[in-house]
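Protein chains: 2
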Amino acid sequence: MKKWLSRFSYPIDEIVNRTVDRQVKLAVTGLSRSGKTVFITSLVHQLLHGLESTHLPFFQVANLGHLRGAKMMQQPDLHIPSFRYDMAIAQLGGEPPTWPQPTSSISEIRIAIRYESRHALLKHISPVHTLYVDIVDYPGEWLLDLPLLELTYEQWSEQVAHSCQAEPRLSLSKEWREFLATLDLNSPTAAATLRQAAELYTHFLLCCKDPQYGLSLLQPGRFTMPGDLKGAPLLEFCPLLEYPSSIPRENSLFAEMKRRYESYKEHVVKKFYLEHLVSFDRQIVLVDVLRAFNTGYATFADMREAINMILKSFHYGKSGFLNKLFHGFKIDKLFFAATKADHVTPNQLPALERFLQQMLISSQHHASFDGVTTETLALASVKCTQAAYTTFQGQRISCIKGVPLDADKPIALFPGEVPVEIPMPEEWVEGRFNFIEFKPPRLANIEGRGLPHIRMDRALEFLLGDKF
Amino acid sequence: MKKWLSRFSYPIDEIVNRTVDRQVKLAVTGLSRSGKTVFITSLVHQLLHGLESTHLPFFQVANLGHLRGAKMMQQPDLHIPSFRYDMAIAQLGGEPPTWPQPTSSISEIRIAIRYESRHALLKHISPVHTLYVDIVDYPGEWLLDLPLLELTYEQWSEQVAHSCQAEPRLSLSKEWREFLATLDLNSPTAAATLRQAAELYTHFLLCCKDPQYGLSLLQPGRFTMPGDLKGAPLLEFCPLLEYPSSIPRENSLFAEMKRRYESYKEHVVKKFYLEHLVSFDRQIVLVDVLRAFNTGYATFADMREAINMILKSFHYGKSGFLNKLFHGFKIDKLFFAATKADHVTPNQLPALERFLQQMLISSQHHASFDGVTTETLALASVKCTQAAYTTFQGQRISCIKGVPLDADKPIALFPGEVPVEIPMPEEWVEGRFNFIEFKPPRLANIEGRGLPHIRMDRALEFLLGDKF
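Protein chains in written order, with numbering that gives the first Met the number 0: chain A, 0 to 467; chain B, 0 to 467.
Quick caveat, the hints were computed from the structure, so don't treat them as lab data.
Certain hints may be false.
In this list, chains with the same sequence are indistinguishable; a pair is considered to hold if it fits within one copy or across any two.
[To be verified] Here are the simulated lysine-lysine pairs, DSS-like style, with alpha carbons at most 25 Å apart:
id, residue 1, residue 2
1, 24, 229
2, 257, 70
3, 466, 329
4, 466, 332
5, 466, 438
6, 270, 229
7, 311, 24
8, 229, 269
9, 332, 24
10, 24, 438
11, 208, 24
12, 24, 408
13, 229, 438
14, 208, 408
15, 438, 332
16, 400, 24
17, 438, 329
Quick caveat: nothing in here was measured; it's all calculated off a predicted structure.
Chain A on its own, in the form it takes in the complex (with noise of 0.2 Å):
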């Protein structure tokens, strides 16, 4: 308000558009399949049919009826691929719905948000209000790059070791640990060797990513996702798991390995860095809580490694070496979602919050010290089971209903107890967890009303609520 006072001689108009209309941009990312599309689909859905308010009760600005309307514009970015909710949209009410397509690299989508001001002043000037809320969505992968920028080669490659010495990257990554252990690398460089170390690290990243494991912390993340630099010398090396025995010389396969490490890190990192990331207002990453229960504690463990990176890369952002570096981050929200939450039953929500709370919780003080507020929730992007009751041993017990994946008729079901705890590692026994997968609801008329959602509307207000 006192920038804007103090700007009068700014012509009124401009002055008007930049205090009152406001822009806000959410960059949206996940781990292990984790629902980006979805997410994305739904949370742009419920804002367009926003005014139907019934289903957004913690979506203040909605809640309270100041909601004017919301439309889709044109993307602020033209060379950013657009995100495209209307073929999402058109899959979720296909008849039968069928989830959207996952999307593999970065794409974009705007949203204008008519809104009446809470403020006397603002009213003042004008009494409806837009905000345009951008949302990027890029992959999990390329957010979980940003350590690098901090690691040398060497410290690198020793935290690849390091997670190499157990399951179930050790026997994942047995061809290429296999492959390095016949190789001189002192000898000089050859682009063929190097080719086939990179292939057989790629293909390790790959199994690694597989839905059998679900592993999330796969560095360099353009590996497995090359895009336009398939075929780039900066794609074709390795992390190593011991160093040559003698000062290597500069021609050596070691020299090379770690230029090309520098040069993924310049032309890759440092460029999605200054590219995107230095752009966002929030960032929200999306977490599968649930498929790291039904996989193992391995699955889990890397799961929490890649999120407190995360946190950490954020931390950096905003006082560490990246704010050296360049300009530092702008985001000050960063919002953690359990995704899925209608995979358990509704009196297990708090345990799943919890549950991802504590994956976080070393991390969370740094984030918030450094002027990032973190927020975690459990939250289903389009609701598809319905709470229902059976009994066990003469006890009624809250189930879930819902039409199975693999399934044509809809289920009730048990899923399983979320621990209020983390369980120890040898208390994640195959088979303990085995929540399934179901199919999207069918609706009746998509366009008439927001979509079936678990916490959505907290999810809304706390990105978007004070910007209204």
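Guided by the hints, dock chain B onto chain A, whose structure is given.
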């Protein structure tokens, strides 16, 4: 030399390196599936086997015995995909040999050539010097985007509209033109309409590109090869055949098309210019003239226009608007080659060459005027026919012998005459020309000596001769 003598304050090693070792960046592009991959593979192979100088009589440094050897080096730009020479050679040396896979984007390879200097002073410093030859391969479409930089959306639209008045574009563009006719250009922007218009226009370009028509002028180039830009709004527009009857509103379809055209120029064309084109020293443009003969006058006319657009771009790069906009080109040599010269009888080589010259006769003057030396040559990167003779009406007549692409045994055939003058449009009657394609030759030992070729030595001399 002078430069060197005046720099005695530098450490001697650095002076020697700067003065003695040189570097040259050759850019290779092509029109109408002209055989870029085979050309680069042969060029590299000839250099690597340059010590067996008998196959390169016109390449002075080899012929005079000054060549000390050549080897492949690590490419300088690690973020550019590698040109896969190894794979191309494996295919050409296979049993049976096959033509290498064509490349679809940019790629790079570096060769280091060791040679004895002819210059007395340089000889004194070091008897053997190194020339680093970087070869960059990129699609002809990218080069043909350059003229857009000096065209407004309206000017470009007019050019396209003009070209769609004649066959085959008249028929091929029908569906797209009919869709355009249904649009109200002054109506508000609709993403779906822009997308559909772009899809129809892209389909039209793909039809033009089909070997059946083999057209070269496919602007904007990224429409048919989007890579990571797939789905970005800057690839979702098209030229217009007429303008709105009233002054277009700011949020109209027309205004949005224009805005995206400008964004394409900014994010795609200028980016290519600044990231790549400014660093090229010499440009090679390969042209499959024989295909134009087979396909007809329209293909020929389109190819001629493309060649002259390229010449004009280089003219602008040296002294025109491009030079003013940016820093201008370094390019000092421009080399047009009619490839597959082994598909005609040896006595027709001069006619093929003369034909190519005639295609660019109007522009050639410009290029040399601005300090760009232009050369035209008919060549065969890999010679897959042998000269042979047959008799016709009692006379001995030249013919060629090779294995046609769709056959298993060699045949001897009279491939037809290359006209000495450009035939009038009505003379390009169907079936007048029928130059057929051949399988690559079977080579007993592909690493034994340089690949059989026609005039690759002259090409090398023009491109590199002055650097030794």
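Status of residue 229 relative to residue 24 across identical chains (alpha carbons, at most 25 Å): between (30 Å within a copy, 22 Å between copies)
Identical-chain pair category, residue 229 with residue 269, by Cα at 25 Å: both (18 Å within a copy, 22 Å between copies)
field: Intra- versus inter-subunit Cα pairing at 25 Å for residue 466 with residue 332
entry: within (12 Å within a copy, 58 Å between copies)
message: Treating 25 Å as the Cα threshold, decide for residue 466 and residue 438: within, between, both or neither.
response: This pair counts as neither: shortest intra-copy Cα distance 35 Å, inter-copy 67 Å.
query: Taking 25 Å as the upper bound on the Cα-Cα distance, should residue 311 and residue 24 be classified as within, between, both, or neither?
result: Answer is within; shortest intra-copy Cα gap is 21 Å, inter-copy 43 Å.
query: Is it within a copy, between copies, both, or neither that the alpha carbon of residue 466 lies no farther than 25 Å from that of residue 329?
result: within (15 Å within a copy, 51 Å between copies)
- prompt: Using 25 Å as the alpha-carbon threshold, which applies to residue 270 and residue 229: within, between, both, or neither?
  reply: both (17 Å within a copy, 19 Å between copies)
- prompt: For the identical chains here, do residue 229 and residue 438 meet the 25 Å Cα criterion within one copy, between copies, both, or neither?
  reply: Result: close neither inside a copy nor across copies, 35 Å intra and 29 Å inter.
query: 25 Å Cα cut-off: does residue 24 pair with residue 408 within a copy, between copies, both or neither?
result: neither (40 Å within a copy, 65 Å between copies)
query: What label fits residue 400 with residue 24 when the C-alpha limit is 25 Å: within, between, both, or neither?
result: neither (36 Å within a copy, 66 Å between copies)
message: My question is about residue 257 and residue 70: at a cut-off of 25 Å on alpha-carbon distance, are they close within one copy, between copies, both, or neither?
response: Between copies only: 23 Å across, 49 Å inside.
message: With identical chains, the pair residue 208 and residue 24 could be close in the same copy or across copies; at 25 Å between alpha carbons, which is it: within, between, both, or neither?
response: Intra 29 Å, inter 40 Å, cutoff 25 Å: neither.
In the structure shown, a violation is registered for the earlier hints numbered 5, 10, 11, 12, 13, 14, 15, 16, 17, in ascending order.
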